[in-house]
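The primary structure of each chain is shown beneath.
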Amino acid sequence: MLHPANREAMTPYQVFRRMTETRAGQLGVFVLFLALLVAIWQALYSLQVWPPYTLPSPGSVGETLWRNTENGRIPRAVGVSIRRLAIGYALSVGAGITIGSFTATSRLADSTVGKVVLGMQSLPSVAWLPLAVLWFGLNEQAIIFVAFMGSLFSVAISTNSGVKSIPPLLRQVGLTYGASRWQMYRHIIVPGMMPSLAGGLKLGWSFAWRSLMAGELLFAGLGLGQMLERGRDLNDMSLVIATMLVIISVGLVMDQLIFGRLEHWVLERRGLSSK
Amino acid sequence: MTADIRPRHAGTEARKPLLAVQGVTRRYEGNRQAVTALEDVSFNVFEGEFVCIVGASGGGKSTLLNIVAGLDAPDAGHTLFDGEHVKGPGPDRVLVFQEAALLPWLNVRENVEFGLKLRHTLLADIAAKAERCLELVHLQDYQKLHPHELSGGMRQRVQIARALAVEPRMLLMDEPFAALDVQTRERLQDELQEIWMRTRSTVLFVTHNVREAAVLSDRVIVMTSSPGRVKCEIPVPLPRPRQMDSPPVTGVAMWIRAELQHTGPAGKEPAIASPS
Chain A
1 MLHPANREAM TPYQVFRRMT ETRAGQLGVF VLFLALLVAI WQALYSLQVW
51 PPYTLPSPGS VGETLWRNTE NGRIPRAVGV SIRRLAIGYA LSVGAGITIG
101 SFTATSRLAD STVGKVVLGM QSLPSVAWLP LAVLWFGLNE QAIIFVAFMG
151 SLFSVAISTN SGVKSIPPLL RQVGLTYGAS RWQMYRHIIV PGMMPSLAGG
201 LKLGWSFAWR SLMAGELLFA GLGLGQMLER GRDLNDMSLV IATMLVIISV
251 GLVMDQLIFG RLEHWVLERR GLSSK
Chain B
276 MTADIRPRHA GTEARKPLLA VQGVTRRYEG NRQAVTALED VSFNVFEGEF
326 VCIVGASGGG KSTLLNIVAG LDAPDAGHTL FDGEHVKGPG PDRVLVFQEA
376 ALLPWLNVRE NVEFGLKLRH TLLADIAAKA ERCLELVHLQ DYQKLHPHEL
426 SGGMRQRVQI ARALAVEPRM LLMDEPFAAL DVQTRERLQD ELQEIWMRTR
476 STVLFVTHNV REAAVLSDRV IVMTSSPGRV KCEIPVPLPR PRQMDSPPVT
526 GVAMWIRAEL QHTGPAGKEP AIASPS
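These protein sequence lines are chains A and B, in that order. As numbered in the working numbering, residues 1 to 275 make up the first sequence, in order. As numbered in the working numbering, residues 276 to 551 make up the second sequence, in order.
Wrong hints could be hidden among the right ones.
[As the list claims (entries may be wrong)] Below, a list of computed lysine to any residue pairs in the SDA-like style, where the Cα atoms sit at most 20 Å apart:
hint, chain 1, residue 1, chain 2, residue 2
1, A, Lys202, A, Gly251
2, B, Lys392, A, Trp182
3, B, Lys404, B, Glu385
4, B, Lys506, B, Pro522
5, B, Lys419, A, Val266
6, A, Lys164, B, Trp380
7, A, Lys164, B, Leu378
8, B, Lys362, B, Leu378
9, B, Lys362, A, Gly178
10, B, Lys392, A, Gln172
Calculated directly from the structure, the hints in this document are not laboratory data.
So that you can see chain A by itself, here it is in the shape it has in the complex:
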């Protein structure tokens, strides 16, 4: 608590720091910060540091954003990209958890499949694109495959380490109460690996999203990546920046609304989070 006598003497810095103590305050500070960034941008534009076709004004980007939202281009592109992401990601979560549980429970699998998975993770998933195009052709499957490969390994690895991190004592608890193989999996392994898996799901989705954007940039009709590419083709810097903003916003919203909450919820239940 602040002493009443000090209340008037608060500097703006202290005011902002106190605002971050509540959730609404955090949002407010964030919005103010964004406004500051836009103001700097506007200032740079007004000072004519770079020619307008390299750095358009915030106003013209906003106008492009509005126009393309109104004529349905942005919503359609977002829809197409998210649909691809959802399919690729869902498949990779299923496959990743399967691979991860398998490698975590069998030493043989861990020293074979597990090692390959670790190696594969170092391959940027957009590098799968040429292979995907040759396999599937220039179509939807190829681009979904790239998103799939983007998150597969991080989901598999986090599942693996999640299963391995379960203390043997908890397995013994399951055994002494006569848990069957299936019950062991359902009641001990799956909940036990959740903290690690939640982190992997979050990481995996962001990898999938980035891979998808890279893939769409290189080829594939519609989608946000393609919109970016069109901006470059038309030398329309406003469109490029507007699309980037949309990609960032989608990422931020997904991260905060879905994965941030999932992670927080899992950690809180386990007493692992500080808040």
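Given chain A's structure and the hints, the job is docking chain B onto it.
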């Protein structure tokens, strides 16, 4: 508790033990040499008995309990439970661990219900049994808390409630109070005594604390360490409830300690017990 209505032929046959440990030996392969944790251990536990196994820490007592629980297997000898060979863990023998082995993602109530759920007990029965067991360990007001919000003593109470809930034929307790501070420990010993007087379950309780053994048990099995062997059995025919500091309990505790101090590793001079 229901009365045993089977006809008894007094004197015609010996009472059949619920648990018979016969010549159990267990060795571990160490780096340089094999360690014999248990050597030719034999004893019986009868229905409704509270038996303590007392021995120095690290003397193979936990190994013995794990073998009875079916989590470990002996290299020689065998364990008979109700006349049948123990081949693996079974719902009739439930182990209470020294560490607070609660499932961290479940709250107190869900932890107590854990064993019942695995057994597909009817939902209404689960609720009633969990309620009753939470009451037995005085935790009915803490049902919604998660293990990380509980004290060490409360966690062990949850473990005991979880084990009682499935009504095992035998409760196996592996130094359940060893990690607690003295006050909590004595409170829980009192509570366990109280619970036992109400339920009369069969209990096999491992401890290195002689007073704990004297207060709780009907019979004490004293074990030597490295290798773990049964040294002797001490009956404790004292009436309950017993007070921790009462002279008879203290006397039994001193007797157990004296037996323990004559059980150093082979070849060593036995220390002289000096009860003061």
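Do the hints match the structure? See the list:
Taken as a hint, the lysine 202 of chain A and glycine 251 of chain A pair is honoured in the structure, with Cα atoms around 11 Å apart against an allowance of 20 Å. For the hint pairing lysine 392 of chain B with tryptophan 182 of chain A, the CA-to-CA distance comes to about 13 Å; that is within 20 Å, so the pair holds. Using a Cα cut-off of 20 Å, the hinted pair lysine 404 of chain B and glutamate 385 of chain B holds, with the two alpha carbons roughly 12 Å apart. Restraint check for lysine 506 of chain B and proline 522 of chain B: the C-alpha separation of about 25 Å exceeds 20 Å, so the hint is violated.
For the suggested pair lysine 419 of chain B and valine 266 of chain A, the alpha carbons sit about 16 Å apart, so the restraint of at most 20 Å is met. For the proposed pair lysine 164 of chain A and tryptophan 380 of chain B, the alpha carbon gap of about 17 Å is at most 20 Å, so the pair holds. Proximity of lysine 164 of chain A to leucine 378 of chain B is assessed by CA-CA distance (about 16 Å); at most 20 Å being required, the pair is judged to hold. For the suggested pair lysine 362 of chain B and leucine 378 of chain B, the alpha carbons sit about 26 Å apart, so the restraint of at most 20 Å is broken.
Under the criterion of a C-alpha separation no larger than 20 Å, the hint pairing lysine 362 of chain B with glycine 178 of chain A is consistent with the structure, at around 12 Å. For the hint pairing lysine 392 of chain B with glutamine 172 of chain A, the CA-to-CA distance comes to about 17 Å; that is within 20 Å, so the pair holds.
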